[in-house]
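Protein chains in written order, with our numbering: chain A, 1 to 188; chain B, 189 to 437.
Derived from the structure by calculation, the hints contain no laboratory data.
Watch out, some of these pointers could steer you wrong.
Unchecked claim - Here are the computed lysine-lysine pairs in the DSS-like style, where the Cα-Cα straight-line distance is at most 27 Å:
no. : chain 1 : residue 1 : chain 2 : residue 2
1   : A       : 183       : B       : 274
2   : B       : 201       : A       : 183
3   : B       : 276       : B       : 201
These are the residues of each chain, in order.
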Amino acid sequence: MFPLGVSPDPSFLSTAAAGVVWVAALLATMLSLDRMFKSDFDDGSLEQLVLCQQPLYLLVLAKIFVHWSLTGIPLILLSPVLATMMNLNSEHIPILMITLFLGTPVISLIGGIGAALTVSLRTGGVLVSLIVLPLTIPVLIFGTGTIQASVEGLPLGGYLAIMGVILGLSLMLSPFASAAALKMSVSS
Amino acid sequence: MNWTFFHKLGSPKWFYDLSVKLQPWFLFLGVFLLLIGTVWGLAFAPEDYQQGNSFRIIYIHVPTAILAQSCYMMMAASAFVGLVWKMKIADMFIVAAAPIGAAFTFLALFTGAVWGKPTWGTWWVWDARLTSMLVLLFLYFGLMALRGAFEDTDMAAKASAILVLVGVVNIPIIKYSVEWWNTLHQPATFTLTEKPAMPPEMWLPLLIMVIGIYAFFTSVLFSRMRNEILIRERRTKWVRGIVLEEDQS
Chain A
1 MFPLGVSPDP
11 SFLSTAAAGV
21 VWVAALLATM
31 LSLDRMFKSD
41 FDDGSLEQLV
51 LCQQPLYLLV
61 LAKIFVHWSL
71 TGIPLILLSP
81 VLATMMNLNS
91 EHIPILMITL
101 FLGTPVISLI
111 GGIGAALTVS
121 LRTGGVLVSL
131 IVLPLTIPVL
141 IFGTGTIQAS
151 VEGLPLGGYL
161 AIMGVILGLS
171 LMLSPFASAA
181 ALKMSVSS
Chain B
189 MNWTFFHKLG
199 SPKWFYDLSV
209 KLQPWFLFLG
219 VFLLLIGTVW
229 GLAFAPEDYQ
239 QGNSFRIIYI
249 HVPTAILAQS
259 CYMMMAASAF
269 VGLVWKMKIA
279 DMFIVAAAPI
289 GAAFTFLALF
299 TGAVWGKPTW
309 GTWWVWDARL
319 TSMLVLLFLY
329 FGLMALRGAF
339 EDTDMAAKAS
349 AILVLVGVVN
359 IPIIKYSVEW
369 WNTLHQPATF
379 TLTEKPAMPP
389 EMWLPLLIMV
399 IGIYAFFTSV
409 LFSRMRNEIL
419 IRERRTKWVR
429 GIVLEEDQS
């Protein structure tokens with residue numbers, strides 16, 4: 001849609017490619033966030049998970065991993081096709097895949113907090129995006145920044161390291177917030 | 189050390205009485221200092237040799253921006269207190285402070301845009317500081333929307349406390365954005381450790397504005413919190429007593 005909407009000019013497309021693929025990844029994940037805990041909440045199995053002897057932290061992490069493997073991984077696998085359609089030079093495609101590999105789990109992890117906070121509400125959809133999108137801006141900036149640096153021939157180590165740090169921190173901290181939010185949600 | 193004051197702080201009635209006593213003073217101090225600071229800053233402070241008179245918007249821009257961030261930090265501290273010690277008053281603070289913080293963030297962004305036009309030649313750039321302030325505004329909006337969506341007060345309190353704590357990651361990003369990324373926005377005007385680079389005639393009114401806006405914030409916050417206390421504690425005897433007194437007089 002993007003080339004038809006803005007401009008099909010190849011040189012313009014190749015500069016915009018990284019950003020377009022990243023925003024597409026972000027929005028695609030956002031669409032599916034709603035349902036991360038919803039069906040479990042509706043049929044009561046979420047309460048069983050909270051009552052379970054296993055730490056909720058790990059269970060939440062498992063739920064988020066499943067969510068990522070159903071939204072993030074297909075996107076990573078599809079990204080070469082998208083990038084080629086957006087006229088991104090083929091040598092940068094591995095870089096794009098690496099940044100997506102580091103970045104999409106972060107989107108799922110942060111999204112998990114939003115989904116857990118709003119799971120007990122009837123109208124969650126817009127609210128999740130309003131809560132989650134601002135928090136994902138750093139990942140978006142560094143994800144596209146990495147590819148931009150690669151296109152300009154600059155060293156990538158620093159960018160990739162920062163993305164790794166973001167992933168590591170959100171992997172450690174965000175399940176705590178999600179678990180606390182889930183406990184709050186089932187308490188009603 | 190005597191810790192009873194800490195328990196008292198958590199009691200809505202005690203806080204109500206305290207804020208009735210203190211609020212007029214803060215309001216007076218705030219309006220007084222803001223008046224002095226505005227007149228001094230806008231009319232009497234010397235002109236900037238590069239920016240001319242347009243730099244004077246600093247006297248509104250910097251205090252609102254400082255308050256927008258520190259309001260969020262105060263909310264985060266009280267969210268932590270609310271989650272750990274389950275104090276009712278902590279959540280009332282978050283409810284009362286969020287719209288004020290959002291208003292100040294908007295003011296900081298707006299005055300920044302007005303200032304950016306004559307000096308940078310553009311209303312808006314996607315500079316790190318500007319973007320992270322915009323994120324702060326959305327955090328405030330998200331918080332207010334999340335609050336509004338819950339019917340149960342206890343659940344709303346917990347949900348917003350979690351969201352506030354998650355959003356704290358943005359504050360260091362705003363603070364250090366001008367040092368990590370060399371972008372258009374200049375570094376901090378004030379630091380606690382060093383002398384400002386401006387002459388005293390320029391920074392004194394700014395300091396007065398900052399203190400004044402904190403006092404003004406406190407007084408608005410107190411009246412909003414009193415309102416919140418009255419609504420939530422409407423079933424208690426002392427609130428009924430106050431309402432009956434008002435009726436009779």
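Query - Hint check against the structure, violated hint numbers in rising order - result: Hint 2 contradicted; others consistent.
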